[in-house]
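Line by line, the protein sequences give chains V and G.
The first sequence runs contiguously to residue 334 in my numbering.
The second sequence runs contiguously to residue 361 in my numbering.
Just so you know, nobody snuck in bad clues.
Dumping the calculated DSSO-like pairs for lysine-lysine here, alpha-carbon to alpha-carbon at most 30 Å:
id: 1; chain 1: V; residue 1: K18; chain 2: V; residue 2: K249
id: 2; chain 1: V; residue 1: K185; chain 2: G; residue 2: K330
id: 3; chain 1: G; residue 1: K330; chain 2: G; residue 2: K187
id: 4; chain 1: G; residue 1: K187; chain 2: V; residue 2: K185
id: 5; chain 1: V; residue 1: K201; chain 2: V; residue 2: K249
id: 6; chain 1: V; residue 1: K297; chain 2: V; residue 2: K185
id: 7; chain 1: G; residue 1: K330; chain 2: V; residue 2: K297
id: 8; chain 1: V; residue 1: K201; chain 2: V; residue 2: K328
id: 9; chain 1: V; residue 1: K91; chain 2: V; residue 2: K185
Quick list of the computed label-pair ranges, beta carbon to beta carbon:
id: 10; chain 1: G; residue 1: R138; chain 2: V; residue 2: R23; range: 40 to 48 Å
id: 11; chain 1: G; residue 1: R146; chain 2: V; residue 2: K201; range: 55 to 63 Å
id: 12; chain 1: G; residue 1: G106; chain 2: V; residue 2: T184; range: 49 to 57 Å
No wet-lab data here; the hints were simulated from the structure.
Yeah, the Cβ is synthetic: ideal placement off N, Cα and C, and Gly gets one too.
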Amino acid sequence: MPPDEPPMEPNIVTFLDDAKQAFRRALRDIARMATEHPETARHIISTVTMLLERWCTSPTYRKAWNFYEMWKYRDEQQFFEVDEFGLDPAMIKLVEPLMQFLYHHYFRVDVEGAANMAIGGPALLVANHSGSIAYDGAITNIAVMNNHPQRRYARYLVDDFVYNLPFIGTFIQRTGGVRACHENATKLIEHGHMIMVFPEGIKGISKLYENRYRLERFGRGGYVRLAMRTGVPIIPTAIIGAEEIHPLIWKSVKLGKLLGLPFFPFTPTFPWLGPFGAIPLPTKWRIIFGRPVPFSRYKPRDAENPKLVGKLSERIRGEIQRMIDDALKKRVSLWY
Amino acid sequence: MPRRNDVVVVTGAASFLGSSILRALKGLTNKHRLIAVDRHRPAVLPGGIEYHAIDLVMPDADRQLAELLKGCECPTTIVHTALPNEHVRREQYGHRLMIVGTRAVLGAAKRAHVHKLILASTTDVYGAFATNPQYLSETHPLHGGSQSDYLKDRARVEELFRRMERTEPGRVVTILRPCTIVGPSVKNFETTFFRQPVIPTVLGFDPLVQFVHESDVLSAFITVIERDEPGTFNIVGDGVMPLSRAIHLARKPSVPLPECILSLAADIAWSLDIGFAPATHVPFLKYSCVADGEKSHRVLGFEPAYTSQEAFLNFVERGPKSARST
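Chain V with its partners taken away, still in its complex shape (with noise of 0.2 Å):
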């Protein structure tokens, strides 16, 4: 049921449009009065353009400059160095504190069958998709991380928009994360990763707290083609306790436009209590690894078999709502 509350939504709207279309005038005007005098502007840049360079040069600026780039890149090898699909050592380095105190001790992920996960060589991990921020992504890598013998970092496979934002797109990147796309994902498994899907994609983080653990429809199959062409098994894997963290009460598909997102989402915490309200909820997490199911009986022609694909694709999401199902019938509580 959406709250009791007077609709907010029209004057938001409109309010960030008026800003957005002021702004735009603002600009095209400079830009005119520019071109209408370009003696004048061209003097007015070019001193600005001096003085800032002065000041860029100045021996101040340079020493504070040296003084941030010297504690910023305090352990020179490291930082920046980035593998192929731009994934940096030290940034994970920077988050793995922060996610490890998630994984222990705010979620306190259990494990079932690490030995399914556990095995050599490249894999593709489908699971469910929950939560309106992406931490069961996250906290997935950090439990295969923790229980597979040599340590592997499994990278994940985004969707397009994420690479749209500012700050988030290069963040994303630096901690493993892959533009969701067929080249990369065969490349990836080409030099021996592990991959993890979420094949519900948005419709997975979307949906309302009523259709909590309710799989959505496994888009059009395309990481059992995947699968198939390169002979990789997939390990189906069940999250308990994402939908939790932010139950969303209502979405908001046009706010969620203007900010360059795919919708805007209402929990009993946010957006009311600002920032803090998107603080995720301490629920108990569980992960589990099925038994991988083998792909390497399947050529790659088979993945023009469009009846092929969708079978094997509900055979595995059936197999993820059975896990699901299961692991919420034992459940005692959403928090321990």
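Once you've looked at the hints, dock chain G against the given chain V.
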């Protein structure tokens, strides 16, 4: 194997690529007869290279070229580097040089039964989008044209060469796409970008960039001149780095600006002739455009002597004084 008395015609001989190719060929072997074609005489022209002043934009350029080519009775190779390597201020001239000039070269080649055509393109034609795969292979469609007219013309030049290959099956058409060329002597707008005292970037974005050393690009061109290798190849150095690391290696402070302000400033500066790239190039500061060099390794045997990082460090250390921090 290089045939005896092969003729190599290099258009755009006064540009960096054209003149370097001529010098390298002259130093390598005396078997080729080398012809330099350009509007201006190259600054350094080793002895034994004929120079013909032909302006490709003029209407009778293809007639002049055809006469020149008919004079040689041996299999001929044309290396077409007469293309602007950066956004041109006089857009009309740049557009005509690319489209009309290329048509003149291809028309003359058809009439004179030229054996091999080599084009110097660039990986920028793929375009920088958030939706690019991590590594762009040669089969990826070219979308750079939707970002700026300059890239649209570059893509059109490639299209003209490919159409030539389709309609005239007996010839060898090779298209080489080098990524950003850096080195001690090359000067293009990317090296100028890294030589500024302060480098503007887009707030919140840090794309991956790759570089190739000028000597590796030269050796790739020499390989396709000596051997017959039809097709399109990306010529890139191994490895990628974030733009912030490149700026850090260049020891320059960077100024992150929000995208709208940077685009506006770039456009104003460009229209006032102060800037060196219009705002249509800002997507390259936001999103990656990284090409896959696997085909050139496999087919051409191209082994770059410098990785991306080494090439860039070579540029930083050996470039002119203004590149290093004082």
